[in-house]
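Starting from the two chains in their separate frames, assemble the complex, guided by the hints.
Chains as they are written, first to last, in the numbering used here: chain W, 18 to 140; chain D, 36 to 242.
Heads up, a few of these hints could be off.
One-sided and incomplete, this derived list gives chain D residues near chain W with beta-carbon spacing under 8 Å [to be verified]:
{"hint": "1", "residue": "94"}
{"hint": "2", "residue": "108"}
{"hint": "3", "residue": "109"}
{"hint": "4", "residue": "165"}
{"hint": "5", "residue": "177"}
{"hint": "6", "residue": "179"}
{"hint": "7", "residue": "180"}
{"hint": "8", "residue": "181"}
{"hint": "9", "residue": "184"}
{"hint": "10", "residue": "187"}
Distance windows between CB atoms, simulated [as the list claims (entries may be wrong)]:
{"hint": "11", "chain 1": "D", "residue 1": "171", "chain 2": "W", "residue 2": "37", "range": "24 to 34 Å"}
{"hint": "12", "chain 1": "D", "residue 1": "150", "chain 2": "W", "residue 2": "35", "range": "26 to 36 Å"}
{"hint": "13", "chain 1": "D", "residue 1": "171", "chain 2": "W", "residue 2": "99", "range": "42 to 52 Å"}
{"hint": "14", "chain 1": "D", "residue 1": "161", "chain 2": "W", "residue 2": "95", "range": "17 to 27 Å"}
Since the hints were derived computationally from the structure, they do not count as laboratory data. Here a beta-carbon is modelled for each residue, glycine too, at the ideal position from N, C-alpha and C.
One letter stands for each residue in the lines below.
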Amino acid sequence: MFVIDCPNCGPRDQSEFVYGGEAHIARPTKSEDMTDAEWGEFVFMRTNTKGLFAERWWHATGCRKFFNMLRNTATDEIHAVYRIGEKPPKVDADLPATPAGEASIGSGNDAVKIMRADAEAGS
Amino acid sequence: MTAPVRRSPLAHRKPASAPDDLLHLSERAFDAKIVLRGTPDILGPALAEVAGVEMPEPTRSTTSDRHRLLWQSPDEFLLLGPKDTELALLDALQAALDGAHVQIVNVSDYHTTLVLAGPKARETLMTLSTLDLHPRGFTVDQVAGTTFGHALGWLVQTADDEAEGGPVFEILVRWSHADYLFCELTHGARAFGMPESKPLSGELMEI
Ligand SMILES: [Zn+2]
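Just chain D, same shape as in the assembly (with noise of 0.2 Å):
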């Protein structure tokens, strides 16, 4: 018998640099996160109590210092924590919102998480997206459900364009489109210098 190990759906990938800190992409696995449905007046007080976080306005995301809360629908919200904090969160989000009508569910290894940091990084989701990336358009904390080439994503801005090695962005990707939305943001930024994703191991994905 081995002991179980979790392996990330982008374990076979190494983080991705164009030249000059244009774009560094890599990503971010095993975040907690989980899924509440159910009013922002009665999640409000539990999510306060539970992660620190206030509701964030529509298409928008809250943070305290260990969180993340998004906005994905009127009753429908997604919160990120640290790695291996899923089922803590989940005992007392259930203990807080006991008896309310609510939905609370870990999603932790649903999607995993690339993130996009650096000057090129907006033009880079722009070869895939039809979001309005300009920076007035999308800009820090904003949230928005859409899809990347083939992909159904939540892009989440978490640094400002003006922070050192910004502005980052975050996607939410499920767990067996990661592959392919990491070579095609690869292929997106081959204009700044991306050099082509090699696998560690496996075949070489033709796009």
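The shape of chain W in the complex, shown without the other chains (with noise of 0.2 Å):
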């Protein structure tokens, strides 16, 4: 559990909010040309970083607004509170390396692992 800073009411139990899931993903405006895989992507797809994540809350008890925070998945240490519409704020975030030195994306979950190779070399 943590307390989250909620841009509107102040800082607030982690158990008044909802989870949104990853921020910044806009919505594509002419999804009739898409094809499903491209769907797929904008659904399913995150890139579930391990570290300093950009992602949005709700506070579900109070203002009942949506903000973005970014926050080190691996330690939960919050970094920045912004709100929707603003590009993420630069912080100087300390990341510690992963115990097991794992990839920086992916939970363990080996299929995210090889789904995201690619993009992990080309990095």
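Rendered as structure tokens:
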């Protein structure tokens, strides 16, 4: 459990919030022209970052607004909170290496690692 | 045919008190409650005209002699008024905001109000809430939407800690959660000598 600083209501317990998934994924405007693969990419594929991650949260019990947050998914350290529509701020995040030296994406789920292997190699 | 009568969700419970005025817990049903959606610059003049209240800062509320206006989110405000004034308020607000990009909804029968008064009110709320309820963390006129146990509610402090019989807190809670919250609050105040709340009719709630 941790405390989240809602941009509208101030610091509140995590139990008041609902997780909204990865941030900054724009909904396609011409979905009728998309292939199933492209649609599937938009609907299902997330980077599942281990480390600094931009994600959406919803303050369910308070202002009931969505906002964005930069959180280290390995340590739960919150680096920034910013509003919907804003770009993620630059933060100095001293990211710890994962204990097992795993890839920076993936959760230990091999399927995810294999599908993303090209992305890893290319970066 | 019998005349239609309304029955508050806690009509079957008596107000509960801990000894030595440490805590009084009661229900105040049927307040007028109007939710207004819109930006403060549009709502402000209408609310000043109709209810005599200023727009509150975030997480705060403002009052006039008969009304209280609660901030609920950057574009959502809850106006409270005396019993049986909701239809007149609704008409006046609709007239004052005619044509504006706003939403005005009468939610008077959506919530009821629980009133906690006395020096142990803070500690009783602390048994159910994750809010910072220290007198420096939650002050008079402050507002928070949060959970109390399993019940969602809006908390507002209406009287100062130094006031006679204070501090006083009010919780706006949904009709169907009111009985649960009343029982949980009497349960939380058991340490201060609050007796178990026995319903005037119906079954005892086990928590
Ligand atoms: Zn909030």
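Status of each hint after checking the structure:
1. 94: Hint holds; residue 94(D) Cβ to chain W Cβ min 6 Å, cut 8 Å.
2. 108: OK, holds: residue 108(D) within 8 Å of chain W, min 4 Å.
3. 109: Hint on residue 109(D): holds, closest Cβ of chain W at ~6 Å, below 8 Å.
4. 165: holds (4 Å)
5. 177: Hint violated; residue 177(D) Cβ to chain W Cβ min 10 Å, cut 8 Å.
6. 179: Residue 179(D) check passes; min Cβ-Cβ to chain W is 7 Å, inside 8 Å.
7. 180: holds (4 Å)
8. 181: holds (5 Å)
9. 184: Interface hint status for residue 184(D): violated (11 Å vs cutoff 8 Å).
10. 187: OK, holds: residue 187(D) within 8 Å of chain W, min 6 Å.
11. 171(D) <-> 37(W): 24 to 34 Å: For residue 171(D) and residue 37(W) the Cβ distance comes to about 32 Å; the hint holds.
12. 150(D) <-> 35(W): 26 to 36 Å: holds (30 Å)
13. 171(D) <-> 99(W): 42 to 52 Å: This hint is violated: roughly 27 Å between Cβ atoms.
14. 161(D) <-> 95(W): 17 to 27 Å: At roughly 25 Å between Cβ atoms, residue 95(W) and residue 161(D) fall inside 17 to 27 Å, so the hint holds.
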